[in-house]
Amino acid sequence: MTAPAAPVSRAARGASPQVGPPLWLLLELTYRCPLHCVFCYNPTEFARTGAELPTAEWIRVLREARALGAVQLGLSGGEPLEREDLEIIVAEAHALGYYINLITSGVGLTEARCAALKTAGLDHIQLSFQDSTRELNDFLSSTRTFELKAKVAALIRAHDYPMVLNVVLHRLNIDHVGEILEMAERLGAQYVELANTQYYGWAWLNRQQLLPSRAQVARAEAVTQRFRERVAGKIQVYFVVPDYFERRPKACMGGLGSVFLGIAPDGTALPCHAARMLPNLELPSVLSADLRAIWYDSEAFNRFRGEAWMKEPCRSCPERVQDFGGCRCQAYLMTGDATNTDPVCDLSPHHHLVTDAVARADCAATATAPREHVLVFRDHRTSIAVVPGEPADVGGPGARGT
Amino acid sequence: MSELTDTMKPAIARGMRLQWEPAQEAHVLLYPEGMVKLNGSAGAILSRCDGVRTLADIVADLERAYATSGLAEDVRAFVTMALEKRWLELRA
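Going line by line, the protein sequences match chains A and B. Per the working numbering, the first sequence starts with residue 1, numbered consecutively. Per the working numbering, the second sequence starts with residue 1, numbered consecutively.
Chain A extracted, bound-state conformation (with noise of 0.2 Å):
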C-alpha cells in the first residue's frame, strides 16, 4: 500500500503518459432552459454562476480540445438551442472533426434550425421526453411541451438524423416504460435511453418524491426486456440502472479525469458534471488556463486520478480497479466527504444510507396517505434562493457534511 500523495505530487504526475486523453467532451452551453424539470442535474445553485461564455471562447474551447484529442461531442445545457451561435460552434466542431450530439428539450427546434444544423455538420439528436402522457410530461417539466417534442421528433427523423430519445425515469412515471417504449417506436427513434434518475442536483432535493420501490423497477425491467425482444435489430434500449438498487457502485465517468471533461456555461472545467458540488475543489476555468494545463495538470483533475485518495473499503478492495470507488459526488452529498466509498456499495459502512431510502420509497409505494414533500421545479428564482447540495429528505446522520 502506497502512502497518500501530496496533491502537489500528484498533479505533477498528471502529465504522465498513463494519463489518456479527454475523448469525450461536454459543453453545457448555457443554464438557460424554457424547461423546469424537477430531475435536472444542473447545479441547484445554477443562476448564481458567471456569465456565459462567449462565441470565440467556445471555439477556442473546441481547438484545444480536439488537439488533446477530445472526439465526441455533446452539446447540451440547459437547453442548447437556446444559444444562437449553436449553427457556428457546430460548424466549426465539425470541420474540427468531432462527432457532435446535441442534447435538447426539442423547444426551439424550428424547421429551419433542423436544416441549419444538418448543413453544419451535427451528427445526432438526443431528444427527451418526460412521459408518454401529455399530463406527466408538461407536468414534470412545467411547461405545455408534448405535442411540441412529437413534432420535432418527426423533423428529426426527416431531416435524417439518427434519433436517441432519452426519457428520465423516476416514481411518477417508471410505470409506463411500456407505453413509453411505444411511443419511442412510433416516432421512430433508433435508440432509446432510459435513464434512471441519478439523484444529483434538483433531483437530490426531489429525492423523496422520485426514488421509485424496488417492486417497480423490477417491472420496468421486465416491460423493457419484453419490448427489447420485440424491436431486436431496429431499436437499440439502453435501460440505464438505478444505482440505489446495486451491490455495487457504478464506475462513475470511468472515473474521474479519465475520458470526461465538461465545460459550464461560465467556463468552469468540470471532471464530471455534478463536480460543481464538491468541496474545497478548486474547479479552474478555460478563462484562465489552457486545456492542457487544465486535464492534465490541474489540481482538480487529478485529485481523483488513481487511487492514492481512497479510503478503506476502497482501498484494499480488489474491485477498485473496475468501479474506481464509485462517485465522488455520491459520497460527498451521502456521507459528508468526497473520499468515502460510494455508499451504494453494500462494503461501505454507509450503506444503510441506501437502503433507507429505497425502504421509505418501498414503503410509500404502498402507502395511502398522501405524500407531505412537495417537489421543486428547476426554477431561476428558486435557484437563487436554494443552498447548494442541501438535501431535501434525508432523514439519517451524515447527510451533510459536519
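Hints were generated in silico from the structure; no laboratory data involved. Take these hints with a grain of salt, some might be off.
Pairs of lysine-lysine residues, derived as DSS-like cross-links and limited to a Cα-Cα distance of at most 27 Å, are as follows [what the hints assert, rightly or not]:
{"id": "1", "chain 1": "B", "residue 1": "Lys-37", "chain 2": "B", "residue 2": "Lys-85"}
{"id": "2", "chain 1": "A", "residue 1": "Lys-250", "chain 2": "B", "residue 2": "Lys-37"}
{"id": "3", "chain 1": "A", "residue 1": "Lys-234", "chain 2": "B", "residue 2": "Lys-85"}
{"id": "4", "chain 1": "B", "residue 1": "Lys-37", "chain 2": "A", "residue 2": "Lys-234"}
{"id": "5", "chain 1": "B", "residue 1": "Lys-85", "chain 2": "A", "residue 2": "Lys-250"}
Given chain A, put chain B in place with the hints provided.
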C-alpha cells in the same frame, strides 16, 4: 440475416462514422453516445467498407496491401460480426 456473399457491398452504417484519431493512434468508430477503438486489422477492413467495393474486392485489396493470401475467411467473419453489431450495413 441472409448469407453474406462475395458480391455484397458493406458500408459503414448510417449514423456511424469511421475516422483515424492521431491521439489514439487508431481508427475509431463513432456513433450516438459511444465510440469503439479499433485494432489495426479491424481498422484496415472497415476503412475499405465504402459501399462501392464488394466483399471480394476488399479481401483482394487487403491481401495486396499486406502481401499475403488466405484472408477471405477472417474478413468474412469480421464483416459478419460488424453487420450484427450494426457497425456496417449492406448496399445494393
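So, going through the hints one by one against the coordinates:
At roughly 14 Å between alpha-carbon atoms, Lys-37 of chain B and Lys-85 of chain B fall within 27 Å of each other, so this suggested pair holds. At roughly 22 Å between alpha-carbon atoms, Lys-250 of chain A and Lys-37 of chain B fall within 27 Å of each other, so this suggested pair holds. Among the hinted pairs, Lys-234 of chain A with Lys-85 of chain B is consistent with the structure: their alpha-carbon atoms are about 12 Å apart, no more than 27 Å. Note on Lys-37 of chain B and Lys-234 of chain A: the hinted pairing holds, with a Cα-Cα distance of about 24 Å set against a maximum of 27 Å.
Straight-line distance between C-alpha atoms of Lys-85 of chain B and Lys-250 of chain A comes to about 25 Å, which keeps the hinted pair within the 27 Å bound.
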